[in-house]
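Protein chains in written order, with my numbering: chain A, 970 to 1136; chain B, 16 to 463.
These are calculated hints, taken from the structure and not from any lab test.
Each hint should be verified, as a subset may be incorrect.
Taking lysine to any residue pairs in the SDA-like style, the calculated list, with each CA pair at most 20 angstroms apart, reads [to be verified]:
id, chain 1, residue 1, chain 2, residue 2
1, A, K1035, B, K390
2, B, K418, A, Y1122
3, B, K418, B, V448
4, B, K418, A, R1034
Each chain is listed here by its residues.
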Amino acid sequence: MSEVETSVEQTVQQLYGCAMSQAFGQDVLFVPRDRYVEVIKSLFNDGFDVCIDLTGVDYLELPHRKVAEGVTAERFEVVVGLLSMTSHRRIRIRVQIPEADAVLPTLFYLHPGTEAHEREIFDMFGIVFEGHPDPTRILMPEDWDGHPLRKDYDRGEIPVQFKGAPS
Amino acid sequence: MSIVDKQKIVSANTDEGPQELRSRSDLTVSAVLRDVGAVLRMSESEVAAMAEVSGDVGEDQTMIINMGPQHPSTHGVLRLMLELQGETVLRCKPIIGYLHTGMEKTGESLTYMQGGSNVTRMDYLSCFNNELVFSMAVEKLLGIDGDIPERAVWMRMLLSELNRMSSHLMFLATNGMDLGAVSMMLYGWREREEVLRFFQKVTGLRMNHNFIRPGGVAADLPAGWRDDILEILESLPSRLEEYDILMTGQPIWRQRLQGVGVITAHEALALGLTGPILRSTGVAWDLRRDMPYLHYDQLEFDVIVGSYGDSYDRYSIRFNEIRESMRIVYQILEAMPQGDYRIQNKKVTPPPRARIDESMEALIHHFKIFTEGFKVPEGEVYTAIESPRGEIGCYIVSDGSAKPYRIHVRAPSFVNIQALPHMMRGGLIADAVAIISSVDPVLGEVDR
């Protein structure tokens, strides 16, 4: 047990030159956008060879959230969950993506399983994945306007009309 | 930035083209190669050496047909576009979104107290697992994940395992129906109904229970619960043996499934598949054993693995996982401790009904929890458990208020369904339904 704790302690600061922090005992790595694929490739070679999850967050209403030192918080974040089946560990990658240039290289060629996830993030947040083989919407209809999970997307409401029960 | 400008940007971003399977004339050779090769993590030269190059099939020999959108195998609304040459499937593309109801967006406007009733509707065949992973994420954010009472933990495991049984029984039923073994459909539904009847007794509902909540479970087990479970557990083995005779050893059944929809361990890992599909390829990966949560590390059970990665392996893995779950439930029955079924933290747990009449403070807490909900500290967290379909994960970002800022569910079916094109490639159209069925997707969870 103590061994595990010290090894975590050592990696708290940096990993592949990226800021690393702990969130509720889970490893979180803040990767700059230009080193995104490179770092995930290094992690792949270090045993984190399964990409279990890929999702996005729109931090429009939360600009002053806690990020690791030296990381500039931007509007969007793409969160990648990697799993190592050999060491039974997980690591989470957070990439900051500015609103003005919401583009990220695709992970498809490294983790083909991210194909649908990336389409979903494009659909829901409008983040474009460069080099994706099929950059179409996945859940919304193809002629849909806007990206529903963005915080400034108008939710809209349909009033429920209650009618009196027939007497 | 004005609203008009914003809309311009948004509409400029949404011109992304059709979601359909492109016709062969639109398709470049490199696109097909990428389609096959990337999943195998091959180099370009290795791909080029493969025999399967699209150039040798003319467009006049092929036909693109739609399978769906309907309920091809009672899993939900799925549409497949298949490119056929004669009876052979050349390419396939699942088109999803027909059940999309924006549950992740809905989750942002529900309190943590209400969130359970939202997530439980995603994978409607394993409701308890959805609730469990959501509750575990919220508890981790609250920092109370270590303080959940023992009885609640064991109850969660009990319900989760019974849920696995009911889900796999449902799989046996639909798998039987898809392959023409209609009697199995009736038997599977009958057995599942017996488990659901127990759920109804415990939670009041057959499905969509909202029973596992942050802090514990909603209520204690009802009187006579042990006998009800024993009744289920005692009636099942002889029936499972019957189904073994009916299906497992039957030549027609075997020929419909063996060697159909083969996927290798290499492909499965590259695609991020989990659950019985990954295990059918021989990778012994089960979060219950490999990254234990709750008290699974105190239980004795086997992780069932296959070796061929075909539909038959996936069928027998699920079949035998029912037996493993029964073994686990027996152990849980022995270990079930007495005590509280939810955490006695007044900020999270509503006070008992009787206390409200006596105590002003209890009344206030009750009112606060049900109107505003409880506040959860800022942060982000990911938890994952083994659902009947694979790893179900919940990623929550909290902004410190009573509602999640962002809630994302990593749905196993959403990922698993991507394996369909690879399983179907080169197969027969008659096997398509068998393959969909063996993946056991729940489209409610795929589309969320």
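Straight-line alpha-carbon gap B:K418 to A:R1034, limit 20 angstroms = Holds, because 16 angstroms separates the two Cα atoms, which is no more than 20 angstroms.
Straight-line alpha-carbon gap B:K418 to B:V448, limit 20 angstroms | violated, 41 angstroms
Distance restraint between B:K418 and A:Y1122, which requires alpha-carbon spacing of 20 angstroms or less | Judged against 20 angstroms, a Cα distance of about 18 angstroms means the pair holds.
Does the alpha-carbon distance linking A:K1035 and B:K390 stay inside the 20 angstroms limit?
-> holds, 18 angstroms
When held up to the earlier numbered hints, the structure conflicts with hint 3 and nothing else.
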